[in-house]
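Those protein sequence lines, which keep their order, are chains A and B. Taking the numbering used here, the leading residue of the first sequence gets 1, the next gets one more, and so forth. Taking the numbering used here, the leading residue of the second sequence gets 1, the next gets one more, and so forth.
Hint data in this document are derived by calculation from the structure and do not stem from the laboratory. Note that CB positions come from ideal geometry on N, CA and C, so glycine has one too. Just to be clear, a hint being listed does not mean it is correct.
[To be verified] Cβ-Cβ distance ranges computed for the label pairs, FRET-style:
no.: 1; chain 1: B; residue 1: 182; chain 2: A; residue 2: 61; range: 25 to 33 Å
no.: 2; chain 1: B; residue 1: 594; chain 2: A; residue 2: 57; range: 51 to 59 Å
no.: 3; chain 1: B; residue 1: 514; chain 2: A; residue 2: 61; range: 19 to 27 Å
[Claimed, not checked] Subject to a maximum C-alpha distance of 30 Å in a straight line, what follows is the list of computed BS3-like cross-link-like pairs (lysine-lysine):
no.: 4; chain 1: A; residue 1: 57; chain 2: B; residue 2: 184
no.: 5; chain 1: A; residue 1: 22; chain 2: B; residue 2: 188
no.: 6; chain 1: B; residue 1: 548; chain 2: A; residue 2: 46
no.: 7; chain 1: B; residue 1: 217; chain 2: B; residue 2: 282
no.: 8; chain 1: A; residue 1: 22; chain 2: B; residue 2: 401
no.: 9; chain 1: B; residue 1: 215; chain 2: B; residue 2: 234
no.: 10; chain 1: B; residue 1: 126; chain 2: A; residue 2: 41
no.: 11; chain 1: A; residue 1: 60; chain 2: B; residue 2: 184
no.: 12; chain 1: B; residue 1: 548; chain 2: B; residue 2: 223
[Unchecked claim] Facing chain B, according to a computed beta carbon distance under 7 Å, are these residues of chain A, among others:
no.: 13; residue: 3
no.: 14; residue: 10
no.: 15; residue: 18
no.: 16; residue: 52
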Amino acid sequence: MNHRENVQGKIIGDGNELDRRKDLWIKIDNAYEHGGEDAIKSVLIKISDSITEEFDKLLKQLREKL
Amino acid sequence: MVTLKRLKIKGFRAYMEDKEFIFDNPVILLFGDNGTGKSSTLNAIEWCLFGNDCIGAKSAIRERIDWEIPNRNLGSSADIYVELELEDENTDAYKILRRWISKTKDELRITLLDGQSLEGQNAGEKLAQLLKSSFRDFLTMVYQHQEVIRAILTQEPRERNDAIDRLLGLSDYRNILTGIETGKLQTKQKKMCGDFDSFTREIDVALRTQEGNLKDKRGKASKKGLKENQLSEKGALEIASKVKGELQKLGLESGLSVVDLQVPEQWTDLYEFQEIADGEIKRFRSEMPDVKKQEDLFKRRGEITALKQQYQQTEKDYNRVKSKFDVKEKESDKLRREVRELENKIKEKEKQLSEASAKGAVITKALGYLQLEGIDKNVCPVCETEKPDLLDHVEREWTEKYEKLVGTVEDELDAFKNRQNEINTWFEEYNRIKRSFEDGYRRVVEVRKEIGKALGREITTEDDPDVILNNALDGVNKGLEVLEEAVKSKQERLDGISSLMGKMQLIADILSSEEKKRIVEQIQESSEYLRMEELRDEMAILVDDVDKIKIAISEASYEAAEQKVAAAGEAIDNYFRRIANHPAITKIEFSVSVDSRTARNSYEFKDQNGKYLTPTLNQGGLNALALSIFLGMTSLKGENQPFGFVMLDDPSQSSGSGYKEKLVEVLDEVLDKRMVILSSTDKELQELVLSKITKAKTKYTFSDWIPERGPEVKKE
């Protein structure tokens with residue numbers, strides 16, 4: 001069993017939560033396979049930025065209203 | 001797992017001409033004295049696979065900080081390269097060619113089995129896929145570099161655990177954890193939560209501020225007599241209507257036009273209405289006819305008052321200078337007469353003096369003559385009659401009578417002249433006062449004319465301008481009195497309208513604050529705010545998911561490490577006891593646990609009594625332990641060991657024969673799983689390898705290294 005399967009087997013969660021975490025793990029591992037640690041960082045930054053950028057935009061809009 | 005098939009080197013470090021090495025047997029022995037190029041051969045393999053990662057500060061090997069790749073005896077345009085043929089576990093062959101361009105640049109080309117070539121970044125990516133390891137991994141799994149291996153035993157726990165993870169082929173887990181941590185998701189989450197909480201507090205503050213404003217304004221409205229039911233749009237517009245009505249009425253009464261003031265339909269337009277109404281009020285205050293009349297009368301009063309002050313001052317100045325002049329005038333006749341007398345007296349005295357001077361001139365000459373040498377002093381120079389003591393007599397008469405007389409006349413003359421000067425000075429002053437008097441009179445006449453012009457009548461010398469001016473002033477003041485009442489009442493009406501405007505503005509402000517408060521209240525119910533909450537929760541979920549993945553990685557890594565430690569531990573223990581033959585150490589316990597702080601594997605080496613090994617070992621013991629760990633780890637099979645070979649560079653340095661024999665025994669076992677490339681200067685070790693190792697060997701002998709050619713290498 002390679003590290004991907006080893007880790008996948010250890011991920012805990014219920015139903016959708018588990019599927020979601022496994023998907024994320026595969027994304028992380030794929031990134032690692034293609035580009036090492038830096039690629040993992042890039043993937044996580046991309047995912048988190050999609051959240052934070054929308055958040056910051058909304059915050060700015062609401063602050064202007066305030 | 002990749003294995004080596006062929007190596008070609010040109011211009012790299014010790015090498016000048018190109019040399020080729022075939023890896024056609026399980027044991028490849030590179031034998032020769034120091035400085036003949038053996039280490040350069042091993043380094044060439046490193047550099048071909050990892051490029052600049054294996055030189056300079058990046059390598060983390062001190063001796064490589066100033067490493068040079070090109071052979072120093074080559075010209076600047078020489079071709080410098082290393083070519084390596086590899087074979088993977090599917091026996092697919094790859095040719096890797098790395099060509100040196102400069103200190104910071106090289107060219108990489110990979111030729112695949114089907115003949116396709118990859119260059120540059122594509123080649124780099126393919127190589128990374130093939131090797132699945134970093135240079136650091138290579139050093140700990142393949143190339144037994146003393147400095148790196150020693151680090152396993154003597155470095156800080158983090159570096160040691162890192163190196164052992166690599167040796168066990170578990171670097172993927174560690175690398176992935178590191179990669180995840182560099183994403184710094186928790187930091188981002190913390191910032192998001194902080195921003196969200198901060199914004200929620202801002203909403204709260206804004207709400208309280210608006211509530212405070214409203215309370216304050218309602219209080220003011222109440223003090224102004226506004227009822228609760230008036231504090232509405234309807235209330236405000238009603239007042240606006242009243243304002244318009246009042247202005248129109250006042251305008252009609254005063255004969256002033258009123259601008260077409262439209263009462264707005266919404267309270268939001270009241271500010272504009274107010275601006276226009278304010279302008280009208282201001283205009284009314286200044287343009288009302290009674291106000292204009294009042295202004296004119298004020299101006300008139302000012303003029304009359306100024307004329308009065310001017311007249312009074314002019315009269316005062318004139319009277320003052322007249323009284324001075326009158327005094328002088330009285331004295332002037334007397335002084336004129338005196339002046340005439342003095343002139344006569346002065347004439348007379350001057351005549352006396354002139355006569356005396358003429359006489360004096362004669363006497364002086366006669367004296368001069370008589371005083372000459374050889375002249376008879378007793379004979380008169382004029383009539384030549386003898387006069388005894390004539391000179392003495394003349395001198396006496398001159399001194400006693402003449403000089404005295406002249407002195408008296410001169411004194412009297414001076415006195416008369418002084419008095420004459422005094423009187424002249426007096427007359428200068430008299431003339432000055434006279435001129436002032438005449439100027440003063442002229443000014444009085446001018447002021448009277450001005451008064452006459454201002455009042456529209458002639459002011460004669462028989463008129464009293466002061467009284468006339470007072471009368472005029474009284475008339476103006478009476479007029480002002482009459483106007484004051486009228487103006488006051490109109491101003492009061494305008495004040496009333498302003499007061500209404502004030503109430504209207506206050507209501508508009510209250511409505512504005514209520515609107516702002518509504519907006520603030522609605523923010524927390526808005527879709528944007530709710531979406532922000534969702535995003536915050538999404539981030540929390542992401543961080544939690546990543547944390548769970550990290551735990552899974554840590555657990556998987558630990559499980560794998562446990563298995564390998566169990567497998568390699570025996571080999572390490574076996575190799576160490578055989579190579580080191582340490583009397584006090586009968587067993588090595590190699591164990592792993594999870595570091596609760598870092599979630600990474602933590603490894604320990606202890607003796608049979610549970611004591612840590614490294615503090616008790618000498619240099620030879622540490623070398624033996626390092627080699628045992630290296631060989632014990634490399635003896636592990638599995639997909640996480642990407643390299644099918646190990647490289648040992650002078651493993652027997654400073655060791656005795658017993659050590660070398662044991663080492664060779666151990667190598668023979670390692671050869672079951674890996675190709676061994678062994679570089680050595682040690683003849684004894686070489687003999688042992690050739691005679692004791694049961695696998696086939698290829699020997700390359702290095703000799704006669706010269707600058708023009710590089711090493712002489714013979715294959716046996």
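Hint check:
1. B:182 with A:61: 25 to 33 Å: holds (31 Å)
2. B:594 with A:57: 51 to 59 Å: Distance hint for residue 594 (chain B), residue 57 (chain A) is violated at roughly 41 Å.
3. B:514 with A:61: 19 to 27 Å: The hint (19 to 27 Å, Cβ to Cβ) holds, given that residue 514 (chain B) and residue 61 (chain A) are roughly 23 Å apart.
4. A:57 with B:184: Holds. Residue 57 (chain A) to residue 184 (chain B) sits at ~21 Å (cutoff 30 Å).
5. A:22 with B:188: holds (22 Å)
6. B:548 with A:46: OK: residue 548 (chain B) and residue 46 (chain A) at ~19 Å, within 30 Å.
7. B:217 with B:282: Holds. Residue 217 (chain B) to residue 282 (chain B) sits at ~26 Å (cutoff 30 Å).
8. A:22 with B:401: Violated: residue 22 (chain A) and residue 401 (chain B) sit about 154 Å apart, past 30 Å.
9. B:215 with B:234: Holds. Residue 215 (chain B) to residue 234 (chain B) sits at ~20 Å (cutoff 30 Å).
10. B:126 with A:41: holds (21 Å)
11. A:60 with B:184: holds (23 Å)
12. B:548 with B:223: violated (64 Å)
13. 3: holds (5 Å)
14. 10: Hint on residue 10 (chain A): holds, closest Cβ of chain B at ~4 Å, below 7 Å.
15. 18: violated (9 Å)
16. 52: holds (6 Å)
Hint check: violations occur at hints 2, 8, 12 and 15; the rest are consistent with the structure.
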